[in-house]
Each structure stands twice: as structure tokens, then as C-alpha cells.
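Participant: Bring the two chains, given one by one in their own frames, into a single complex with the hints.
The listed protein sequences derive, respectively, from chains A and B.
At position 130 of the first sequence the residue is numbered 130 (our numbering), and the sequence of numbers has no breaks.
At position 160 of the second sequence the residue is numbered 160 (our numbering), and the sequence of numbers has no breaks.
No lab work stands behind these hints, which were simulated from the structure alone.
A few of these clues could be false.
[Stated by the list, open to error] Pair by pair, the computed Cβ-Cβ distance ranges are:
#1 W36(B) - G121(A): 22 to 28 angstroms
#2 G200(A) - L335(B): 37 to 43 angstroms
#3 S220(A) - P351(B): 33 to 39 angstroms
#4 T333(B) - Q182(A): 22 to 28 angstroms
#5 V311(A) - L65(B): 58 to 64 angstroms
#6 N241(A) - P351(B): 40 to 46 angstroms
#7 V119(A) - P351(B): 20 to 26 angstroms
#8 K183(A) - G64(B): 21 to 27 angstroms
#9 T180(A) - S224(B): 26 to 32 angstroms
#10 Y355(B) - F330(A): 38 to 44 angstroms
In this text, a Cβ means the ideal position worked out from N, Cα and C, and glycines have one as well.
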Amino acid sequence: MPRGATEIRRGRVVGLGTLVAFLALVATLSLAVGARSLTPAEVWHGLFAAADSDQRLTEIRLIVQTVRVPRTVLAIVAGAALGVGGALIQGYTRNPIADTGLLGVNSGASFAVVSVIAVFGFTDPFQYVWFAFVGAALAGVVVFGLASIGRGAGNPLTLALAGQGITVFLMAMTTAVALTDQKSLNALRFFNAGSVAGVGFDVIWPVTGFIAVGLVLALSMLPSLNLLNLGDDVARGLGVNIVLSRAVGIVAITLLAGAATAACGPIAFLGLMVAHVARYLTGPDYRWLVPYAGLLGAVVLLVCDIVGRLVVRPGELEPGVVVALIGAPFFAVLVWRGKFKSA
Amino acid sequence: MSAADMDRAGVDKADANPPLAPGVRLGQVSFVWRPWLVLVSLVLAGAAFLVFCLSIAVGDFPIGLSRVIATLLGQGEQVDEFVVMDLRMPRALAGLIVGIALGVSGAITQSVARNPLASPDILGITSGASAVAVFLVTVSGGAAAAVAGTVGLSAAALLGGLGTGLLVYFMAWRRGVDGFRLILIGISVTAVMQALTTWLLVSADIRDVARAQAWLVGSLDGRSWGEVHIAFWGSLALLLVVATAAFQFKPMHLGDDVAAGLGVRYTRVRAVLLLCAVLLAAVAVSAAGPVPFVALVAPQVAMRLARCPTPPMVASGLLGALLLIGSDLIARTALPITLPVGVVTAAIGGPFLVYLLVRANLRQGV
Numbered sequence: 001m002p003r004g005a006t007e008i009r010r011g012r013v014v015g016l017g018t019l020v021a022f023l024a025l026v027a028t029l030s031l032a033v034g035a036r037s038l039t040p041a042e043v044w045h046g047l048f049a050a051a052d053s054d055q056r057l058t059e060i061r062l063i064v065q066t067v068r069v070p071r072t073v074l075a076i077v078a079g080a081a082l083g084v085g086g087a088l089i090q091g092y093t094r095n096p097i098a099d100t101g102l103l104g105v106n107s108g109a110s111f112a113v114v115s116v117i118a119v120f121g122f123t124d125p126f127q128y129v130w131f132a133f134v135g136a137a138l139a140g141v142v143v144f145g146l147a148s149i150g151r152g153a154g155n156p157l158t159l160a161l162a163g164q165g166i167t168v169f170l171m172a173m174t175t176a177v178a179l180t181d182q183k184s185l186n187a188l189r190f191f192n193a194g195s196v197a198g199v200g201f202d203v204i205w206p207v208t209g210f211i212a213v214g215l216v217l218a219l220s221m222l223p224s225l226n227l228l229n230l231g232d233d234v235a236r237g238l239g240v241n242i243v244l245s246r247a248v249g250i251v252a253i254t255l256l257a258g259a260a261t262a263a264c265g266p267i268a269f270l271g272l273m274v275a276h277v278a279r280y281l282t283g284p285d286y287r288w289l290v291p292y293a294g295l296l297g298a299v300v301l302l303v304c305d306i307v308g309r310l311v312v313r314p315g316e317l318e319p320g321v322v323v324a325l326i327g328a329p330f331f332a333v334l335v336w337r338g339k340f341k342s343a
Numbered sequence: 001m002s003a004a005d006m007d008r009a010g011v012d013k014a015d016a017n018p019p020l021a022p023g024v025r026l027g028q029v030s031f032v033w034r035p036w037l038v039l040v041s042l043v044l045a046g047a048a049f050l051v052f053c054l055s056i057a058v059g060d061f062p063i064g065l066s067r068v069i070a071t072l073l074g075q076g077e078q079v080d081e082f083v084v085m086d087l088r089m090p091r092a093l094a095g096l097i098v099g100i101a102l103g104v105s106g107a108i109t110q111s112v113a114r115n116p117l118a119s120p121d122i123l124g125i126t127s128g129a130s131a132v133a134v135f136l137v138t139v140s141g142g143a144a145a146a147v148a149g150t151v152g153l154s155a156a157a158l159l160g161g162l163g164t165g166l167l168v169y170f171m172a173w174r175r176g177v178d179g180f181r182l183i184l185i186g187i188s189v190t191a192v193m194q195a196l197t198t199w200l201l202v203s204a205d206i207r208d209v210a211r212a213q214a215w216l217v218g219s220l221d222g223r224s225w226g227e228v229h230i231a232f233w234g235s236l237a238l239l240l241v242v243a244t245a246a247f248q249f250k251p252m253h254l255g256d257d258v259a260a261g262l263g264v265r266y267t268r269v270r271a272v273l274l275l276c277a278v279l280l281a282a283v284a285v286s287a288a289g290p291v292p293f294v295a296l297v298a299p300q301v302a303m304r305l306a307r308c309p310t311p312p313m314v315a316s317g318l319l320g321a322l323l324l325i326g327s328d329l330i331a332r333t334a335l336p337i338t339l340p341v342g343v344v345t346a347a348i349g350g351p352f353l354v355y356l357l358v359r360a361n362l363r364q365g366v
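If we strip away everything but chain B, and leave its shape as in the complex, we get (with noise of 0.2 angstroms):
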């Protein structure tokens, strides 16, 4: 493996583990016992578990932690029970569900593609579900009313991006999928639907794009349980999916050629795998509108932390959700001016992203 082809991998010099860490093999499930990273991935688990509870806790009628916790259990008291599982619960529980989903999603891309800079927003999905819902914002009267009256913006627009999404996954299949051959369609896919977008938002009125602009950018807003419950059972499908498969995935970082030569079962194991991902953005999208970046910065930053030389999935999903309710408190607490979820993450991941990158470099000169 050539310098090159390292970088591409994703495999961070400074922070890649020895390569002592001991293998563990339990009948057909076998793995690398990273202690830190499960250290790193309970703190995480633990972390979001926290942000969750607050989440629900704060408000205009605050509750406490414990009270929170209790009601959870099933333990508390009429009123919180109506305030935590009616009207916050499910504005947190799709935080945690599109978090977890853009996480592993993303961990999932990079490491097919072997590309530290790919996420599911250049296969597509993100800007495909955007084109059609600014369609539907901007263009007002006939069928693109219709449309938007009948089904609703969310669903056609997941329909526009799970549609965007497979034609990319689509028109890169020739005999298997191939890491790059699908992110540059994927680029060119999203370049299109960008320009489509960019087009609407020029010819339209300027207060159908200041509607379109807010639901660009992603939110939480007025999350309802009969979304959730959608938005939870698929993404629990598909994360089970992702488990049985990821074990079989580990030789993809080595390379296509070796991932060959280790059986043809892995081109199959890989197609599932981008497939997951695929739907599991398209979930997420569903369920909060195009989120940005968390996809892209999850995994990075999970690696970091974890000090793992590839995404490491659960610390990826862990993370992802953590960000995202972390931003969504954040934006209706502390700031002074309401603004959707998506603006926060961004603004917080993409910062901690680079403190992480110039604190590994700071290390490695020591």
C-alpha cells in the first residue's frame, strides 16, 4: 500500500493504535479487543444518554433529571408522564434516531469508499430529497400542490431522495459496486440536483425561499410520534442488518483487490452494506429534513477519539446522536435567536472536527 492509497484509507499515523491489540474469536464472530475504543464508546453512549434526558427535561415547564428518568421507567407522576412521553419525547427520540442513523451511515460511506471526505450527502439522498422539496415550497399551484396537499413535504421529499439515491447506487453498479465509480457519480448526481435547486431558488418569490431555505438546513421542530415510530423501526431494521454485515467488512479497508481475493461473497457483503446506507440517511431525512454534516463529521471525529485507524460504526452512531441533540438543546435554549438544529451541528462539529485534527498534529511533533 503506497503512501497514497493510506491517506485515502483514512488511516490517521499519529492516532492509529499499535499494532499489538489482541484478537478475540468467539465461533464464527471475530474482532480486535480495543479497550479504548469500548471505554470511548460506553462514555459516549453514556453522554448521549444524558443530553437525551436533559433534552426532555428542559423547557417552558421544566421537569428534573430524576423525574425525567423515573417517568421513563414508568414511574412518574401523571403530569410529567403527559409532558415527557406526549410532547418532548418525540422530538428527542427522532433527534437520537436521525443521530444514530447519519453516524453510522457515514461510517458505513467512508469506509466503502475508503474516503475520509465521502458521506451519504454525495450519494445523493440529502440533495435529491432538497430538490424536490424546494420544488414543492417554491413552485405553488397544480400538481406540485397537489403533491405536497396529499402526501405531505417530508414523505415526497424522502421519496425524492431514497429515488435520487438509488439511481446513483444504480447507474454505479456494473458487475458489484466499486467504491470511487460511486462517489463521483454520486458527485455528479448531487451536482445536478444542487443546480436544480440553485435554478428554483433563483426564479422563485423570496419568502417561498426563506421557507425553503429553513427546511434545507434540517430540523426538529414539531417531531410527532407516528413519525418516530416510522423513522425507529426502520432504522432498527436496517441497523441490524449493518450488524450482521459489518463483521464480514473488515477487509474492505484493504483494498478491493484483497477483499477479492478473500472470496466474492465481500462485493455482496459491500453492496448490503452502501445499500444500508443509503436508507439509513434516507430514514434520517425522513425524520428531520437534510441534517448536514453530521454524516461527514461523526465518523472523523469518532475515529479520533476512539483512535481507531477506520470509522468505527457504534462510536460513529453514539456520536452522531450525541451531536445532534446536543445542537437541538442548544438551539432552543441558549441561543437568542430560534434556529434550526442543522445550523447548530454544523457550527459545532465542524470547529471540534478541526481541533481534533490540529491536536493530533501538536502530538505527533512531540
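Pulled out of the complex, with its shape left as it was, chain A reads as follows (with noise of 0.2 angstroms):
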């Protein structure tokens, strides 16, 4: 029996509560679970106390707010970036196997670390997170200037091939920069990793600025990016601007994915992954498909890092290494189930 409308939305708004309420719960469980875990009343005290009785209680504060909480915020923040940029990169290419990096923005982010160090000597990651960021974006801003020339602008296509391109003209000269420089080589393989760790608030408040006008303008975006999702001449006849919502998209993606990227190194494959199965939840409406990806997103990334905590103790396993090591084979089951269908 075919379920109405408001049974449907009820069903999505459940699902997003759900997530929501998730989220808060791995949210609170990664402020605990570490080298050093903590009882929840700790972590009360490290969160809200103003003065503390004793050495441990300090070192508990000092742990939960310079350690812990950054973290925790920059997963979800950069999850939830690497999310929906997926979800809008496989809208606006109309490709299913389309990831966040497809712009050339995790190519250009590490092209630049691998150059500012070489050149200048950085040895600190404070240093080239900015550098990372201006990499991504301009990687974004030629891939989609280079597609958008002449009458073809913004074809889905053209615009995936050029990012595919511009793509691997970045990834030789970051090699050619790293094999001849032993310095770049050793950053490019911690920054490849993919880490939420590491980064003080100095760098995330900003970051979180960029990500959070990228998500306003993507989700300015979503009613004309489902008609784009018609066919072009469809959504024209029904009145989209279809250049100028190709584009206000694009730079959406690029904030989004540069964003997060400088801040955390290229993490491969949430995008992609979080894009499909929020789609599996909830049909091809990007107006819910794209929360749902942000979301799904934060709680992936977070839960990815937990476990990259636990995994290795005393040491750290990268959550970009995690993202792919678990929820590629979880994916790929759900592929082989056959749950998913193409754009």
C-alpha cells in the first residue's frame, strides 16, 4: 500500500531527529573516550567547572577543553561539510561516483602543503592549513572557469572531466615537488592521513565560518538543484537560471570541501559514501537527501575518529584511515544488497 504524503515526512523528520539525537550522543561519548578516558561527571567538571580543587581536576579541564572538545567540534563540523558536499557534487555532476575531491580541491590542498613547505621550510601544520585552503579553492575556481568557457557552461560532463584533469596535473606535481623534497614528502603523508587532531580553535572558528556560507548558499540551492536533476532544458523550461545555480553550487562545494580539507587533510570516500545512503533513506528530494548527508556526515567521521582512538591505544589511528577501513566494507555490502540506485 502506498504511504501518503504526511506519513512520508513524518517518517523523514523522525529520521532527522534521530540522527540529530546520535550525533549528541557520539558527540558526548568522543569528549570521554581517549589515551585518557573520562567518567561523565569528569567530563562535566572539564566542560563547565571554573576552578578546580586539585591537580587532577585540572588536568582533567585542560584535557576536555584543549584536547577533546576541538576535536569533537571539528569532526562534526568537517563531517558534516564533507557530507553535503558529496551529496551536492553527485547532484550538480549528476554522477553517482562523484566525490568531494572531483573539483580538485583535496589535489590543490595538497599541492599547496607540499609547495609552501618545500619553499619556505614550514614544519608546523598551523602554518599551511591557510595555504591548504587557498590551494582548494583556487583548484575549485580554475576547474569550474576552465568548464565553463564557451557555450557548454556548466555541462555536468565537461565539468567532471576538467576536475578530473586539473585533478591529475596536481597530483604529478605534488609527487614530482615530494619526491625531490624529503621534507614535503614526510607533511604529505601525515596530511594524506586525514586527522581531526591537532587543530586549536584558532584555526576551526574560521574554518567553520567558510563551512557555514557554504552550507547557507547550498541550501539556498536545493529546490533548483531538483529540477536541475530533470535535465537541463526541463529546469529551464521551469524557469531556473540554470548557469548561475550551477555556479552558486559550485562555490558552495569548493567552500565546503576546501574548508574541511585544509583543516584535516583530504578524507577520501565519506562523501561519496554518506551521499548514497542518505539517499537510500530518503528518495532523491535533495531538500532532505542533503541534511541527512551532513548529518550522517559528522556522526561518521566522529564515530570513525572514536574508534581510531580505541583501535591502537596508546597511539592514534587517523579517522581518514578509519572512514575507509570501516565503512568501505560496510558499503560495499549494502552495494552488493543491491540498496542503492545511480543519481
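Facilitator: Here's what the structure looks like:
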């Protein structure tokens, strides 16, 4: 029996609420779990206490406020950005295997990192975060600019292939620099692993600002993205300004993925995976699909970060690695069971 | 077919031939007569042969082009014979074979998946081989060293790549191979392998990382006749299978439903072709390591040069060979620092693809 529209909507709202609740739960867990595990009372103290009665409590407050809170916030922000970005890029390129790295964002960031290290000799991640962001944004702009020359403006296929071409070129340049400069190679391997740790709020706030702008742009474009997926001719007939809509969408994706990549390094597969899972949960309506993808992205990255802290204690496994190691087999099973449709 | 399907099939409206290309039938074999495609293929073949000879001619002991050709025909002097046949031929031939194998493999993958972003790289071969190689390079001592010592790095990597490729293939098997499912499974498995590689690199000693990184880009350095022989006969056999299967393949582009409607045999043809793509990519890995992007870029560039609606097999293979040998030549002679061939193929292939896209867009605008 087909379900009524109200029922479907109620199901989606309940699902959204469940995801938010789950995210809150995981975030709490993220504050407590690590090389030194804390009790809920200790977390509470670490978050809100103004003064400490003894040395142990001071230590706890330091751990919570300078280590756990920043990485939890960053995992949520970056995860959401990559999830939304993944859903958008699949929508705008109409290609179900498009990932957030497609616009050259990841390779642009990597190239910027190795270049500034080789040229200026930076050693601290704080120094190259903003270069990474600029590199990512520039790559995105170049790809979109090249794909927009002439009358084919914003043709999804051209966009995807131009992105691939620029990515290929930038990766070659990155490798060339890294092979000739060992210090860059060393930084590159850690940058590429994708991590949410070791970045303070001086980086996180600006990154969050860029991501917030990207989210607002993205959300404002969702109705027209639905129409674009009916095909360009239909969308144009229904009054959508195709070029403008695509341009705004691409800017949003570049901001979201670029900022997340600059702060964490390229986290592959996350955006692609959650976009498909979100589509399976909500159906093809982007007004629902995108919020789901964002929440799912945040939950998955946070869970993977927690798992990464636990599996090789006292060391840590980068969440970028965990995302692929846990997420990909899970995803493959879903694929095999025929859960996904092409975009 | 909706506009979205057209895009996914890689149909470039600006470059497509008018639908009036005449059909030709010779007994069982039928094909569409595209004079431009034939011309482009011939030019590509000529260019590939020229670069092949140039690659043999250039080096510390330069030999004139005419003498190279004479030696190839078996009428050269003894000194030339030694330099050409023993020293330089294996490298040039390896480049030729790897380029053709990657180009054809990419054309098959993109055609079957009907997705221009698909390439054998995402079917697991490259990433599997890379993970195994990096493991052997970075984990010193014990079993890893024993394996690397007895089997050799390239052979072990080849086995890893082949294993991963077949894993993807059979994981995607569910009453036949479906292009979309194959790609998504391939992306998943590739992600796992890349994550393992990253993990190994992060936890390894930086000197080993440099060695591993060099292997990861792919190189034609120090090829011997032994390796080339295996790659040659392997790829020749596979290409023959592809050639026989490809004639029955055209309806694939019309979509799974149409293909199925034309007879169940097509599912089998598609499965055979995909297996060939996996094995061809494995042959390439065995001869040069995981040279990236040739399989992705060559079919797309060939398609645009030849103005075909779908990736042309022969032209893709020839373009792959041209790209690889040409890049190796540049890497050896024109650059101030020594770089592996994979870096140069990517640095040339990527921008050239972008140039073709921009040109097509501009022409559309007129």
C-alpha cells in the first residue's frame, strides 16, 4: 500500500531527529574516550568548572578543553561539510561516483602544502592550513572556470572531466615536489592521512565560518538542484537560471570541501558514501537528502575518530584511514544487496 | 534515454558524428564506417611508432632514426644491434605494451560502466598492487623480506593487484556483472586499499616512504627482456579476446535493458570484456608499476580526437602507447631532474584533456 505524503514526511522528520540525537550521544562519547578515559562527571567538570580543587581536576579540564572539545567540534563541522559536499557534487555533476575531491579540491590542497613546505620550509601544520585552503579554493575556481568557457557552461560531464584533468595534473606536480624534497614528502603523508586532532580553535573558527557560508549557499540552492536533476531542458523550461544555479552550487562545494580539507587533510570516500546512504534513506529529493548527508557525515567522521583512538592504544589511527577501513566494507555490503540507485 | 543517461554514457553532443555514418557488414561482422576514426587511428599509430623509434634513438649513445629502423628490420650494424635490441628495446617495448594495455582497459571499463570517470584504477588492481608493494617496502624483516626476496617486488605486487581485482569482480557478481554495482564495489575496495597504504606510509620510516612513493608512481626504469616477454604475450592474448568480444559489444552503450533484450549472450560478453580489462591492467602493473591516469585519460582524449560517441578501443590503446612512450622520453631527456614516467604522463594527460574539453565548448558556442 503506498504511503501518504504526511506519513513520508513524518518518517523523514523522525529520522532527522534520530540522527541529531545520535550525533549528540556520539559527541558526548567523543569527549570521554581517548588515551585517558573520563567519567561523565569528569567530562562535566572539564566542560563547565570555573576553578579546580586539585591538580588532577586541572589536568582533566585541560584535556577536555584543549584536546577533546576542539577535535570533537572539528569532526562534526568537517564531517557535515564533507557529507553535504558529497551529496551536492553528485547532484550537480549527475554522476553517482563523484566525490568531494572531484573539483580538484583535495589535490589543490595537497599541492599547496608540499609547495609551501618545499619553498618556505614550514614545519608546523598551523602555518600551512591557510595555504591549503587557498590551494583548494584556487583549484575549484580553475576547474569551474575552465568548464564554463564557451557555450557548454556548466555541462555536468565537462565539469567532472575538467575536474579530473586538473586533479591529475596537480597530483603529478605534488608527487614531483614530494619526490625531490623529503621534508615535503614527510608532511604530505601525514596530511593525506586525514586527521581531526592537533588543530586549535584559532583554526577551527575561521574554518567553521567558511563552512557555514557554504552551507547557507547550498541550502538555498536545493529546490533548483531538484529541478536540475530533471535535465537541463526541463529545468530551463521551469524557470531555473541554470548557469547561476550551478555556479552557486560549485562555490558552495568548494567552500565546504576546501575548508574541511584544509583543516583535516583529504578525507576520501566519506562524502561519496554518506551521499548514497542518505539517498537510500530519503529518496532523490535533495531538500531532505542534503541535511541527512550532512548529519550522517558528522556522525560517521566522529565515530571513526573515536574508533581510531581506541584500536591502537596508546597510539591513534587517523580517522581518514578508519573511514575507509570501516566504512568501505559496510558500504560494499549495502551495494551488493542492491540498496543504491544511480543518482 | 534521459539527458542524465546521455551524460553518463559519455556522449558528448558537440563531438558526436552526425547519425548518418554508414554501416558495413562483412559476413558475421558488422561495423559503422567512420573515415575520421580510421584516419585518427592511423595517425596515432604512425605517431606512436615514430616516438617508439625516437625513444630507442635517444640516449647517452645517440643513434640516427634511419639506423634504428634498419636495425629493427634486422639490417643494422653490430654495435647498433647491441644498443638497440639489448639495451633500449625492452624499455621502449614495455612502454608500448603498458600504454596499449592501459588504454584498451580504460576504454572497456568506461564503456561497460557507461561512466567517463571509470577506469581500471577504481577496479582495485592499482590500489591492491600498491598496498602490497608498500607493505613489502616499508615492513622490514620477517616474512615480508622473505616474500620480497623470493618472488620479487613486482611479482608480489602483481599478485596483490590481481587478487584485489578478482575480489572486486566476484564481489560485484550477482547473477552477472552490473556496471554500476561493479564501480561502487570497486571504489569501496580501492578506498580500503588506499587507507591501508596511507596507514603503512604514516607509520613507516621516511627513507622507506621515499622508495615506496617512487614505486607508487610507476616507472619504466631497468626493464629486462624477461619481464617484457611475459607482458607481451599476456597482453597479446588478452587483446585477441577483446577484439573478438568487442564486435558483439556495441549494444552495451544503449543500456542494460536494451542489451538484455538483444539476447542473454551480451551479459556473458560484458563479463568477459571486464575480466580482460582487469587482466590487462594487471599486465600493465607487472611491467611498469601502477602508472596512474593513462587508463582514465586515454579513452576520453581518443574519443574526442576521433569524434566518436563512445571510447574507441583501438585509438584508445594507441593513444595510451603514445602518451606513455612520449612521457618516458620526456622524463629521460628534457627534464632537469629524473622523474618516474607516471608523473609526466599525468602532467601531460590531464591538461590535454582539459584543453580538448575547452575547445569542444568553444566550438559549440559558434
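Participant: Work down the list of hints and note, for each, if the structure agrees.
Facilitator: Structure-based check of each hint:
A beta carbon spacing of about 53 angstroms between W36(B) and G121(A) contradicts the range 22 to 28 angstroms that was offered as a hint. Separation of G200(A) from L335(B) is about 41 angstroms and conforms to the stated range, judged on CB atoms against 37 to 43 angstroms. Distance hint for S220(A) and P351(B): a CB-CB separation of about 34 angstroms, consistent with the stated range 33 to 39 angstroms. A hinted range of 22 to 28 angstroms for the beta carbons of T333(B) and Q182(A) is consistent with their spacing of about 26 angstroms.
A hinted range of 58 to 64 angstroms holds for the C-beta pair V311(A) and L65(B), which are about 59 angstroms apart. In this structure the supplied range 40 to 46 angstroms is violated for N241(A) paired with P351(B), their Cβ-Cβ distance being about 31 angstroms. Hint check: V119(A) to P351(B), Cβ distance near 22 angstroms, so the stated range 20 to 26 angstroms holds. Remark: the range hint 21 to 27 angstroms for K183(A) to G64(B) is contradicted by a beta-carbon distance near 44 angstroms.
At about 27 angstroms, the CB distance of T180(A) to S224(B) agrees with the hint of 26 to 32 angstroms. Hint check: Y355(B) to F330(A), Cβ distance near 40 angstroms, so the stated range 38 to 44 angstroms holds.
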